[in-house]
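Student: Here's the letter readout for the chains.
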Amino acid sequence: MRYVFVTSAVLVSAVIFSIIIFVGIQGLQTFTDVSPLEFFFSTDWTPSSDRFGAFPFLYSTILLTLLSVVFSLPLALAGAIFMAKIAPKWMREILRPATDLFVGIPSVVYGLVGLTVVVPFIGKVVGGTGYGILPAAIILAIMILPTILSISEDAIRSLPGRLEEASLALGATRWQTIWKVLIPAARPGILTAVILGMGRAMGETMAVFMVIGNSPQMPKTLISSATVLTTAIVKDMGNTTYGSTWNNALYLMALMLLIISLLLILVIRIVARRSELK
Amino acid sequence: ACGKTDNNTSNAGGTQTQTPAATAPATNAPKEAPKSEEITGTVTASGSTALLPLVKAAGEQFMAKHPKATINVSGGGSGTGVKNVAEGTSDIGNSDVAAAAEYADKGLKEHIVAIAAFALVVNNDVNVESLTKQQAADIYSGKIKNWKEVGGKDLPITLIHRPDSSGSRKLVQQLVMEKTEFSKEGVTQESSGAMKTAVAQTSGAIGYIDTPYIDNTLKALKFEGVAFGKETIKNGTYKLYGQERMYTKGEPKGATKAFIDFIMADDFQNNQVEKLGFLPANLLKK
Amino acid sequence: MSAKHKIKVNKLNLYYGDNHALHDIEMTIESNMIAALIGPSGCGKSTFLRTLNRMNDLIDNVRITGSIMIDGQDIYSSETDIVSLRKRVGMVFQRPNPFPMSIYDNIAYGPRIHGIKKKANLDELVERSLKQAALWDEVKDRLNKSALGLSGGQQQRLCIARLLAVEPDVLLMDEPTSALDPISTLKVEELTQTLKEKYTIIIVTHNMQQAARISDVTSFFLNGNLVETDKTDKIFTNPNDQRTEDYITGRFG
Amino acid sequence: MSAKHKIKVNKLNLYYGDNHALHDIEMTIESNMIAALIGPSGCGKSTFLRTLNRMNDLIDNVRITGSIMIDGQDIYSSETDIVSLRKRVGMVFQRPNPFPMSIYDNIAYGPRIHGIKKKANLDELVERSLKQAALWDEVKDRLNKSALGLSGGQQQRLCIARLLAVEPDVLLMDEPTSALDPISTLKVEELTQTLKEKYTIIIVTHNMQQAARISDVTSFFLNGNLVETDKTDKIFTNPNDQRTEDYITGRFG
Amino acid sequence: MNSKVADRIATALLWFSGILIILLLAWFLFRILGDGLRYVTWDFVTGKPEEISAGGGVGPQLFNSFYILFLSLVLSLPIGMGAGIYLAVYAKKTGFTNLIRISVEALSSVPSIVFGLFGYLLFASYFGWKFSILGGACTLALLNLPVLVRVTEEGIRAVPDSYWEASLALGSTKWQAIRKVLVPASLPTLITGITLVAGRALGESAILIYTAGLSVSRFFPDFNPMKIGETLSVHLWYVQSEALVPDAKQIAQGSAALLLIVVLVFNLLIAIPSRMIQKRLSGGK
Ligand SMILES: Nc1ncnc2c1ncn2[C@@H]1O[C@H](COP(=O)(O)OP(=O)(O)OP(=O)(O)O)[C@@H](O)[C@H]1O
Ligand SMILES: Nc1ncnc2c1ncn2[C@@H]1O[C@H](COP(=O)(O)OP(=O)(O)OP(=O)(O)O)[C@@H](O)[C@H]1O
Ligand SMILES: [Mg+2]
Ligand SMILES: [Mg+2]
Ligand SMILES: O=P([O-])([O-])[O-]
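So the protein sequences, as listed, match chains A, B, C, D and E.
Position 2 of the first sequence, counted from 1, bears residue number 2 in our numbering, the numbering being contiguous throughout.
Position in the second sequence (first residue = 1) + 278 = our numbering.
Position in the third sequence (first residue = 1) + 564 = our numbering.
Position in the fourth sequence (first residue = 1) + 817 = our numbering.
Position in the fifth sequence (first residue = 1) + 1070 = our numbering.
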């Protein structure tokens, strides 16, 4: 029986390695035609004229990811504290399944709401088409809110009750206890939540595709049409031939996504290890 | 280069025929006495969204005639169609333009099935009626940014694009832009349908779609002072049209062949194509 | 009259939902004394202790009747400010619970939340509290290291020092040595002896030897009832109640 | 000769990685006896007990030298079938650990995994085991209720019944009453007295009164060494070794 | 008394955040259901899609969603649970298990679009399956694997060691202990994990566009796994972006509402038995 289990485990490992190798080999072939300098630093993406500057996508990806976390974090953290320490039981019993449900909503549904509600709204209020990084960040912020919230809540809730008791017994108010003792103590967990949220925001494709405008340019404002790595891939993967430079460049973008995700995982591991040591 | 080995060629139509016959629940198809030339099998066609209305309609009619055949039609853009057929993931690739040079050695067979006119379209709030080729090129290259520069009211221009995979975009490149490049400003829409919706909804927007899509939610511009129509195309005064192609990998076989034959047949060409807003394939030859 | 007693408990009843955990407790405790609470597991010692600084308020469904006067003031009256009550009546727990911060920050935590910001004042307070808790010499070179790196006994004394830094006048201790080794236990016990000069201490312990060694008065609890309170000598040599005698001589529990 | 002993331990050494936890243990245990293992915390009682049914095999980095013969057969020889060894040498743990299933299924678990499928046989076995464990009357009306709904003492007897259902001949008990209240403890102690007629029982206990009450022979462990083994009466009145005497009279531990 | 004011303000703000989150979620539900629910008729749910005219349904897409979900679970559950059990029970702390653990974490962080590319090349192209239900299910199975491994491992680890020891001490083999005690006791966690995975599978689109395709079989229901198999989520995206049928927007909104209902029902359907099991396991306490 044991061997069945080992085999399963090995299989799981094999999957990730074949993905990395596969996407890696395919992606790195880009460099036979495009210099790394151009790919990573040029802002001109005109593949039909053999110009493959992917910098705008990388830039927009990072901008979008950070922006969604910035939008999401304050509310998610406040919600987590609320649920873990303040909400009465009945309210917790509404919030918990509600956030779980929101994790389960398909991303295209978020995208549709973005497209039919957020984009027109921004178009009306700010002018322009309404497409861009801003609506994408708003939608992503809502998408990752439940992720950050529930992991942070777990982190706060799983703190030993004696920390809270110790603080209250010294005459601290509830808020002082939360702010000065609980949040610092739960920091590794909260950080993990944020990183997972970032990972989700960065990897999201269809919802972003529907609202970001899809122009291969450096976004001048938050409401000018832009492209991130994932949407750049979806936009062109379907129509470029396997083995062409253009196609390889898309694999290289996938490789970049993969590497950033793996780095995020690494950060989580380091955070976890550091908090273990303490 | 693992994808496009020879098993794909055999996939085109022929070998497919047994699978559905073996597993598709026969109860759903009307029970008929098996005819000798009964057509079975699945044909997948993808690509040009400009041609999509025609292929979808043809598919429905074909399936009505052949209850055991399945025609699966989806869009994606002309580039997607050519790629899918070359890599064997579709039986037919639809395209508004000739397949790119890189597909030259892939054994693709071209079938011209219709002529499609397209037009520059604008939002209804744009009070410009006609553009010259130069004006259109300047707008799409980002040189002209406001409608007042071409005789309209003071209204910023919003460019709506199609992605690089689009045949319509290639046609605009060839027929309007020539050597100039598209501006990167503006919004890119996946398909002709989405382009239509976006132009109709965005103030000051300009786009390009095939004429079957045009209705009163947006406005088609004259090109060089000429409005589109069967006659203006035939007599060569309206320049914006493309030859719609269906590609197969090698000679079509089985259901795929039957489907293309169905579209090319006089019956469909003469009675359906124009009804669907396209022009017959042999229009220019006549 | 009543103002003479440091703590005076009147007909105190406590219910956890339907569970009647304390029955009509009556007790008085004087200043500068160590009172020990003993009794078998589950008899309500911790529950009673926690009523004295209203830590039970944190638990849902707790109902309390009766009154507890500390310095002549009813701590369960609606005017009582719980936060300042807890500042006056500090608590040490069974398992040492330092915050995951530096030693210095642990001690400075209380003063800081009560508004002391000046570095010099804090430094002085930290040093004094650690000295009072007999921990200064062991940690003075590592004040900025994490408190979690201390041994169990050191952690417990750190918690006591942290408490002393907010200058309470009553100390509640719930089995403060039960998680400690014998040597650490001894140190904490010695500490209580010096602290009682300034504080009123109430200590829950499972260890009857400990109660006998360190306390002035002892109260014996059984099933949520206070069976008797008396001078510790008396309780351990000649208790009034048969049940106390049975418990002390190990006949049950 | 050696076959006459139920269990014979020869020069047994056990290492947890670098930690030498058992030193040259030599011991013989006869059938139908209760052997008690006593000693201060960390001296290796549990470790020794768990070598007898090879539960230590589950722990990484454990190394064992020497031999243990049960019924004349070396349980650490490569031919030994661990699964059937554990069936013969059953174990009761410090904290009752019923499975999260019905009472019936808990008892039937062992017989089922050993291949008894027939309902009638199982019914009979469940009833007999529960009766042997003096639990039948308390649970006969709720056999299909979850075992987790039982009180701690009932759970512990359930675990004993579960063990009896696989018909072992040696019972290992690791502080089986330390999580129980006095009344449950008494019931389990009584149970051991009836069980010893059929089984060989080895029991680890912290409670010297308990060892004195129930065991026939007692072994005293200290720091991984077996200090002495003798008749229980002898150990508690007149031990050979000074360290045993010191421990029993409470001078350390 | 400063700190008390701060406490009060903070409490108020936190309450406000809690309520804001509920409102946000409620608004979202309201938007989706409010816009879409009126299109969700019986005909819409069971009807076949129309290619050109209005009034098409999403029956085959709904069917495909569940069919692909089912197949992907059939493929990923045994492997995922096997690996999870290995990590929880057998794995000692070695370089090998560490590697597997890292692999699982890495796999769970892979953006779904990357799975899509991989699945396209492997299944659609290299195996020559074209766009097919099976190809979609296989790729989804890869996506699900790490989640299943993790919940299995966590679930089994959460089972007290004492059950494991008790079973072995009764002379069970390891496999018997796993099958009869560990897995049943970790069932609630496993079920939660499966809900999570199912939600992801039902909602996934980027992966399926490349592997399962953008149209459906003309027969309904069609159990042939080699057929092209657009799912409801993909349909929602495709129909609104292709916008060929005149009622594309309504179909998209109706599909969104339907998807939401499916997710809701799925959560409920699974939550109830899982709670019942939980109750049974804990002896009603
Ligand atoms: N939070 C709570 N909710 C409900 N019942 C509780 C709670 N805390 C304690 N109890 C119950 O109140 C009774 C008294 O408990 P308490 O903890 O005061 O006992 P104790 O004397 O301190 O015991 P120990 O010596 O084991 O610490 C017990 O029956 C216990 O089960
Ligand atoms: N799994 C383990 N890994 C490493 N060392 C262990 C392990 N289990 C026990 N030890 C060590 O072996 C020694 C003996 O432990 P053991 O549990 O046998 O003591 P014990 O006599 O049963 O103590 P107690 O009365 O506290 O149960 C101790 O030093 C302990 O730290
Ligand atoms: Mg207590
Ligand atoms: Mg032990
Ligand atoms: O017809 P297209 O979709 O290729 O523009």
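Hints in this document: simulated from the structure, not taken from any laboratory.
Any given hint might turn out to be false.
Counterexamples of contact, computed for chain A against chain B with all Cβ distances above 10 Å [said to hold, decoys possible]: (1) E93; (2) Y131; (3) D236.
Some chain A residues close to chain C (C-beta under 8 Å, calculated; not the full set) [to be verified]: (4) L163; (5) A169; (6) A172; (7) T173; (8) I183; (9) A185; (10) M218; (11) L222.
Beta carbons: idealized from backbone N, C-alpha and C, even for Gly.
Student: Next step is simple, just say for each hint if it's right about the structure.
Tutor: Each hint, compared with the structure:
1. E93: Its Cβ never comes within 10 Å of chain B, the nearest being 42 Å, so this holds.
2. Y131: Violated, because the least Cβ-Cβ distance between A/Y131 and chain B comes to about 5 Å, which does not exceed 10 Å.
3. D236: violated, 6 Å
4. L163: Given a least distance of 6 Å, the restraint on A/L163 holds.
5. A169: It holds, given that the least Cβ distance between A/A169 and chain C is near 4 Å, below 8 Å.
6. A172: This interface hint holds because 5 Å falls under the 8 Å limit.
7. T173: holds, 6 Å
8. I183: Where the cut-off is 8 Å and the nearest Cβ of chain C is about 12 Å from A/I183, the hint is violated.
9. A185: Interface hint status for A/A185: holds (5 Å vs cutoff 8 Å).
10. M218: violated, 44 Å
11. L222: Interface hint status for A/L222: violated (39 Å vs cutoff 8 Å).
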